[in-house]
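> Here's the letter readout for the chains.
2 protein chains.
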Amino acid sequence: TQWLSHVSSVWPLPQIVIPSPERYQLKPQSFSFGYRRNLDTKHSCSVLDAAFKRYFSILFPGYTYANLITFSIGYPNQDSSERYKLSVFAGQASLNAETVWGSLRGLETFSQLVYQDDFGSYYVNKTEIEDYPQFNYRGILLDTSRHYLPVQAILKTLDAMAYSKFNVFHWHLVDDPSFPYQSQKFPDLSNKGAFHPVTHIYTQSDVRRVISYARMRGIRVLPEFDSPGHTKSWGKGQSELLTPCYRGDTPSGTFGPVNPTLPSTYQFMASLLKEVASVFPDPYIHLGGDEVDFSCWRSNPYIRAFMHKMGFGLDFSKLEAFYIEKIVNITSVLRKTSIVWQDVFDYHERRKFLSVVEVWKQGCYLCEVRRVVKAGLRVILASPWYLDQPGPTHNWARYYNVWPLAFKGTEKQKSLVIGGEVCLWGEYVDATNLSPRLWPRASAAAERLWSNERQTSCVERAFPRLQEFRCKLLRRGIQAEPLYVGHCKHEYQSG
Amino acid sequence: TQWLSHVSSVWPLPQIVIPSPERYQLKPQSFSFGYRRNLDTKHSCSVLDAAFKRYFSILFPGYTYANLITFSIGYPNQDSSERYKLSVFAGQASLNAETVWGSLRGLETFSQLVYQDDFGSYYVNKTEIEDYPQFNYRGILLDTSRHYLPVQAILKTLDAMAYSKFNVFHWHLVDDPSFPYQSQKFPDLSNKGAFHPVTHIYTQSDVRRVISYARMRGIRVLPEFDSPGHTKSWGKGQSELLTPCYRGDTPSGTFGPVNPTLPSTYQFMASLLKEVASVFPDPYIHLGGDEVDFSCWRSNPYIRAFMHKMGFGLDFSKLEAFYIEKIVNITSVLRKTSIVWQDVFDYHERRKFLSVVEVWKQGCYLCEVRRVVKAGLRVILASPWYLDQPGPTHNWARYYNVWPLAFKGTEKQKSLVIGGEVCLWGEYVDATNLSPRLWPRASAAAERLWSNERQTSCVERAFPRLQEFRCKLLRRGIQAEPLYVGHCKHEYQSG
Chain A
1 TQWLSHVSSV WPLPQIVIPS PERYQLKPQS FSFGYRRNLD TKHSCSVLDA AFKRYFSILF
61 PGYTYANLIT FSIGYPNQDS SERYKLSVFA GQASLNAETV WGSLRGLETF SQLVYQDDFG
121 SYYVNKTEIE DYPQFNYRGI LLDTSRHYLP VQAILKTLDA MAYSKFNVFH WHLVDDPSFP
181 YQSQKFPDLS NKGAFHPVTH IYTQSDVRRV ISYARMRGIR VLPEFDSPGH TKSWGKGQSE
241 LLTPCYRGDT PSGTFGPVNP TLPSTYQFMA SLLKEVASVF PDPYIHLGGD EVDFSCWRSN
301 PYIRAFMHKM GFGLDFSKLE AFYIEKIVNI TSVLRKTSIV WQDVFDYHER RKFLSVVEVW
361 KQGCYLCEVR RVVKAGLRVI LASPWYLDQP GPTHNWARYY NVWPLAFKGT EKQKSLVIGG
421 EVCLWGEYVD ATNLSPRLWP RASAAAERLW SNERQTSCVE RAFPRLQEFR CKLLRRGIQA
481 EPLYVGHCKH EYQSG
Chain B
1 TQWLSHVSSV WPLPQIVIPS PERYQLKPQS FSFGYRRNLD TKHSCSVLDA AFKRYFSILF
61 PGYTYANLIT FSIGYPNQDS SERYKLSVFA GQASLNAETV WGSLRGLETF SQLVYQDDFG
121 SYYVNKTEIE DYPQFNYRGI LLDTSRHYLP VQAILKTLDA MAYSKFNVFH WHLVDDPSFP
181 YQSQKFPDLS NKGAFHPVTH IYTQSDVRRV ISYARMRGIR VLPEFDSPGH TKSWGKGQSE
241 LLTPCYRGDT PSGTFGPVNP TLPSTYQFMA SLLKEVASVF PDPYIHLGGD EVDFSCWRSN
301 PYIRAFMHKM GFGLDFSKLE AFYIEKIVNI TSVLRKTSIV WQDVFDYHER RKFLSVVEVW
361 KQGCYLCEVR RVVKAGLRVI LASPWYLDQP GPTHNWARYY NVWPLAFKGT EKQKSLVIGG
421 EVCLWGEYVD ATNLSPRLWP RASAAAERLW SNERQTSCVE RAFPRLQEFR CKLLRRGIQA
481 EPLYVGHCKH EYQSG
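Chains as they are written, first to last, in the UniProt record's numbering: chain A, 1 to 495; chain B, 1 to 495.
Among the hints, a few may not be true.
Copies of the same chain are indistinguishable here, so a pair counts whether it falls within one copy or spans any two.
Unchecked claim - Below, computed lysine-lysine pairings styled on DSS-like, alpha-carbon distance capped at 30 Å:
hint, residue 1, residue 2
1, 489, 192
2, 412, 361
3, 489, 185
4, 156, 489
5, 374, 232
6, 232, 489
7, 236, 489
8, 232, 53
9, 156, 408
10, 236, 412
Don't read these hints as lab results, they were simulated from the structure.
A quick note: this is a predicted structure, and the numbers were derived from the prediction, not measured.
Please build the complete structure, drawing on both the sequences and the hints.
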């Protein structure tokens, strides 16, 4: 039954697998990928050709493959089909998919089916697989403000994401501690707000490189520009953006959230978001909106006067709603759909202007999911997948035993849960520990978001598969930490 | 006061530092190390020459230094002086030490004093330092049984140890899950007991490489062959070594601790330890002796008959004492001093045969330290430094605020506390996460074991120094995880 363990170790588990003990040997010298051209596709596809090359060297380390013609397609998006059929039969594997993104998922599955015997020969078993994701949004958040992550560390994460079939890189680019995004229009934001204006920034070319690298792996890049809170670093390069806090009648010298009372604020935000909308091709932008501290607004007499004028009374959440609505409107005009953290949904009465809400608070997160879908809005669930705090990896099942749809609701309401996200906040994480902290715990979430719930409800059955998958990650150079005592055929080789 | 922060950032803190704002520029092109030959040392010293080369490239990355003549000295040991005086004055640094091991510590300090300005020029300030360690034994335990660690990962750890002035690598080579040490006399131990008989073992040449690499950095290698418990993997390659467990009147097929009733056991152990004593030059051997489970011994009728014959009654700790005494005697005949885990001290009445006890249990560990020194034995303290479980790195002060001598006792008793040890057990640790889990938390312990307690009692003062030291570790390629939000001039570049 060793062959069965090879086949069933595909992670995340495909929806339908028909395995077989019949196996075929693969010879790197005579192995080739190919595809049948669609009627409307006269040229070969660069994404697939690059993927063939990549997967060839994953399949057969030490060998190379080159056979490229270039041709351009679009970007993956929220509605892209990732469905594929894979059939390995009589020495041939055929992969059918509606989109190139589906083909990428199928290639990943195929690469996990190939194994070596003790003499180094490659094999694959006769197998039929039909597969598609349970949720269309399967994200990982990296935070490049609390610590700067070198581009190389981001690219490495994109590699690992593709191995677990994640498809959204949620880039929490900026926050209080630093502003590493080098804006074309407002270079002072990073000149003054980054940890270092030259070495600790993402240039336009860095950003393009990340987006293109992600696209080649069927991964979307969702930028987040969180406001009005979490913006301390913005204030260094953009004067009058933040609210001056007061002690009694005089400014204290410290600053609070974005100042929502000044027209200049909205001019700046419109201009920045316009740039962001053009730099990042994804139709979604994350606007943040979490954890706004009202004490500074409350201390400022001009803000209080504005509140009075607007008839907000003492309810600062109305002021926040006023601000966020304007920002959402700016985003809509740019033809982008906005995502916000759940705080925005929680505090605001008029919810119709919202589209997608990301649930992140601990506690009864499914209660919150239910409230959001009952309001007719779409949901991304992050609460159970906060991985930034270190935890014993043998507790991985905590991230596996999550049931995003286990709330009372109609089918239509459940369909509003578009997916989930692993959040790796940056307080205690940088390039030194990102990989072992993320992997393989994030892979547990990946299977929950991709695979059929009923087929993946047993932790004991998943454990040996996840162990095997972790070994595959090591073999591919991903520094995924161990689940428990044991070994991999190929251990991680530190540099 | 930037110059002061450069000088005071030396980690662990030297005993006496007299800093100065006067600084000298260093030019890699014209910089050289040199040493005055002692009257009894006619040749140059290979350890120092190698260290000059190493520290030259640490000081000036990108430049190389070569000026080697070979000559052989001994190994560092428990009584080696590590004392040195470093004086930087008028463009010259002079380093005085009684031993080459002291010189290595002084070189490390010197390398931490050199800094670059924003234009890349190198500087060092006029400084006088007198330094010596608080404790002679400053160890790190790595466990290569629960996970196999590639030799490269061990060497990297030795590098990092030298940067924090650790001087003992406690090699917990073998345990229940695997036996990776390839014995000359008993090759079946690793042939059958390792995770893999070829890829997951330490050959004699691997072991020699580790010992030699450690010696070049002034680090001792203390081998541990833990018995009679923690030996499941030994049984695979050495039949009749382990106790067959019984269910009722018949063997159950499982095995317990080493069988202490058979003469063959002691012949085997004497032979194995003789080999170990000759392979590892250190005058100490760690014999383990922890966590012996008596249930299997109790189930076995032959063991019970032996107990009866020896008059041990039902007290199996007497049987364990019987075993350990024999093993300690074997070790003494080999002219090696034995170290045991505290269990041996706790359970046994006749303690005079013991030499060094390692305290590892949680709870009131200083109570245990006191009991051991009152019995006239030497102590190594490990309890507060169990780093294998992940913990938020910002809790590093937990490992810093440890006071090994804060118990009631005479000066003579306190002098029996020879040092401390950081233990990185292997259940959840392998080469993928070893470095970020160990560093910089182990460096907190390093300062406690090296520096003056009174000068290093303030966590707030230590914090910026430790942050700066962590950045130096990154610069030297050590994957030390962040303490909190922030950045280093040179971030870790993943491969």
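> A separate judgement is required for each hint: does it hold in the structure or not?
Hint-by-hint comparison with the structure:
In the homo-oligomer, the alpha carbons of residue 489 and residue 192 lie at most 30 Å apart only across protomers (16 Å), although the nearest pairing inside one protomer, at 48 Å, exceeds that limit. In this assembly of identical chains, the alpha carbons of residue 412 and residue 361 lie at most 30 Å apart only when taken from the same copy (24 Å versus 56 Å across copies). Taking CA atoms no more than 30 Å apart as the test, residue 489 paired with residue 185 passes between copies only; the shortest distance there is 26 Å, against 51 Å inside one copy. In this homomeric assembly, residue 156 and residue 489 come within 30 Å of each other (Cα to Cα) both inside a single copy, at 22 Å, and across copies, at 22 Å.
Within a single copy, residue 374 and residue 232 get their C-alpha atoms no closer than 35 Å, and across copies no closer than 57 Å, so neither meets the 30 Å cut-off. Proximity of residue 232 and residue 489 under a CA criterion of 30 Å is satisfied inter-copy only: 21 Å between copies versus 48 Å inside one chain copy. Taking the closest pair of Cα atoms, residue 236 and residue 489 come within 30 Å of each other only across two copies (20 Å); inside a single copy the shortest separation is 51 Å, beyond that limit. Neither within a single protomer nor between protomers do residue 232 and residue 53 lie at most 30 Å apart by alpha-carbon distance, with minima of 44 Å and 45 Å respectively.
For the homomeric pair residue 156 and residue 408, neither the shortest alpha-carbon distance inside one copy (39 Å) nor that between copies (54 Å) is at most 30 Å. Neither within a single protomer nor between protomers do residue 236 and residue 412 lie at most 30 Å apart by alpha-carbon distance, with minima of 46 Å and 59 Å respectively.
When held up to the earlier numbered hints, the structure conflicts with 5, 8, 9, 10 and fits the remainder.
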